[in-house]
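Asker: Construct the complete structure from the given sequences, taking the supplied hints into account.
Chains as they are written, first to last, in our numbering: chain U, 7 to 569; chain E, 344 to 435.
Derived by calculation from the structure, the hints in this document are not laboratory data.
The C-beta atom is built at its ideal place from N, Cα and C for all residues, glycine as well.
The calculated lysine to aspartate or glutamate pairs, modelled on DMTMM-like cross-linking and capped at a C-alpha distance of 20 angstroms, are:
{"no.": "1", "chain 1": "U", "residue 1": "K234", "chain 2": "E", "residue 2": "D383"}
{"no.": "2", "chain 1": "U", "residue 1": "K311", "chain 2": "U", "residue 2": "D420"}
{"no.": "3", "chain 1": "U", "residue 1": "K450", "chain 2": "U", "residue 2": "D553"}
{"no.": "4", "chain 1": "U", "residue 1": "K221", "chain 2": "U", "residue 2": "D314"}
{"no.": "5", "chain 1": "U", "residue 1": "K224", "chain 2": "E", "residue 2": "D383"}
Some chain U residues flagged as far from chain E (calculated, every beta-carbon gap over 10 angstroms):
{"no.": "6", "residue": "V152"}
{"no.": "7", "residue": "Q388"}
{"no.": "8", "residue": "F417"}
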Amino acid sequence: MTIALFLLFVAGTLGITIWASRSNRTAADFYTGGRAFSPVQNGLAIGGDYMSAASFLGIAGIIAFTGYDGFLYSIGFLVAWLVALLLVAEPLRNSGRFTMGDVLAARMRQRPVRTAAGVSTIVVSIFYLVAQMVGAASVVSLLLGVTGDAAKIWVIAGVGLLMIFYVTVGGMKGTTWVQIVKACLLMGGAALMTVLVLAKFDFNLSDLLGAAAAKSGKGEAFLQPGLKYGATDAWSKLDLISLGFALVLGTAGLPHILVRFYTVPTARAARRSVVWAIGLIGAFYLMTLVLGFGAAALVGGAAIKKADPSGNTAATRLAEVLGGGAGTTGGSIMLAFIAAVAFATILAVVAGLTLASSSSFAHDLYANVFRRGGAPARDAAQKEADDKGEVKVARLSAVVIGAVSIVLSIFARDLNVAFLVALAFAIAASANLPAIGFSLFWRKFNTRGATTGIYAGLVAAIGVVALSPICWGGASSTKPAVKLTATQAAECGVPANSAKVGNPTALFSCTAVAPIPLDNPGLVSIPVGFLAAAAGTLLTRRRSDEDTYDAFEVRSLVGSDAR
Amino acid sequence: MSDPRFAELRGRFRRFTFPMTVLFLAWFAAYVLLSAYARDFMAVRVFGHINVALLLGLGQFASTFLIAGLYARFARRSLDPLAAELRGEGSR
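Answerer: Right, dumping it as structure tokens:
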């Protein structure tokens, strides 16, 4: 049943992709779907691009386990859209054509800024892709009820091949329609479950919360902040703040979100599509709140944890209970439907990421850095040939980036890679946002500032994680020793009663103490990114081209022929 | 462009968006800081099982919807006509 629905969705989206490919001719068609989407369509597609399986399954799971603390994610993910709406979407639409690199290159020296923008776009996308695909492997195998290593590898390869197909054949148009279909399915599925959950409590939110708190065994603490972000030590509180700001400032720097602003005809349409997206995404996160507490109240955290310790199955278990329970027809129909929605969610997000990163490779790196050293075309005929070649490279790089992500994900399939999503947001906030924000609004900002900011933000974000408890799991005052299972002790190479391990899933060593006790790098790397961009600008003698900025600023606010 | 109408457009845009950005970031920061450091306050029950933490969280949703709506209205009324006027002359 679940498999039939999966296949139905796959067949439907493949059909859409092939239909969309018939009108894919020029570079603008491939990168932006011909800029022909309406604000409502683009708003839905933004939602489809943004609401990942991590937020549907992940947040419902975190709320089901730790109650209120899961809500903090939802809020960060939503408030972030105001940055995109007020500061980024419209000027970006007016001043660029296809990628984030376009905006920087419009007022600075092409090659260095495009190289930096391309590198950071591809790094962010690949981290995010690996997180999604490894997540997909465990989620889909759980949903299909298959276990074992071979199943995981097949799921990763299958998801990867599908996303490569959507992007290379359908381009932006095909990918956008996949995201629109997914957004409708996800909103419909979540709304149905929300109504069913609330109906069980006579539409009384307070009763739902009370039932969830009672069943959690933690009482009212379940409804208060602090269960996940430890109530006691100072670092875990800083970690919470760090996470919050990475989420809020990162969204407007995520490459697959930025390219969505180019798919509409005008800046006004870009604004209206973000307003639509805010409505949809806000409604969705309010529903995840009900679903998470509903799963805690109706299924129970302990039962969910027994089936899968990551919590990713909270939403699907809830669906089964709402349909009538395990073994009933209603239960299995609901389970199959929500599992198919989750699968659609994963596919739409990975397709968006692949498209954004291959666009950036072809348009920023290949067309404007490598080919003829970035020299412009001599005449119209050469320009047309260039366009064709660029799209070919974009398709090819989608295949390569997809293949790289498949291989990386297969290697990382047993690691706990949830941190990669937070890392992608942190890099977007530390490397991309300073460069975009200063480009749009700071007259003096120059090439040196942009490249310094991007590279420093990137290195700082990755560097902090490399020194964090994610990589080094030794017990310390901030990471108290945990009780080890026999498998964990064997993997870490310590006796089962060892008190030296604070994080048994650390990537490098379970016993070495992490130099920086923060899981989320934003608190360090975001200031580093902004300060480096400012310092790079002020410390170099080469002045920014302020005349270019004046023309750029007019274009970014007034809009013009940016077709 | 030294057109005074462009300076006016930029002024209107920045006078709305910059303070508004500071405002919502400060309100979000206040919420996160309260979640981290004022847990007793956040735990106060207002009615039923609804506590301050939940109300402030829902308040973030409400303020996000409100600011998006205000900006959309402001841009439609105050920015779009002026930008259209400037654009009309630019293309001639």
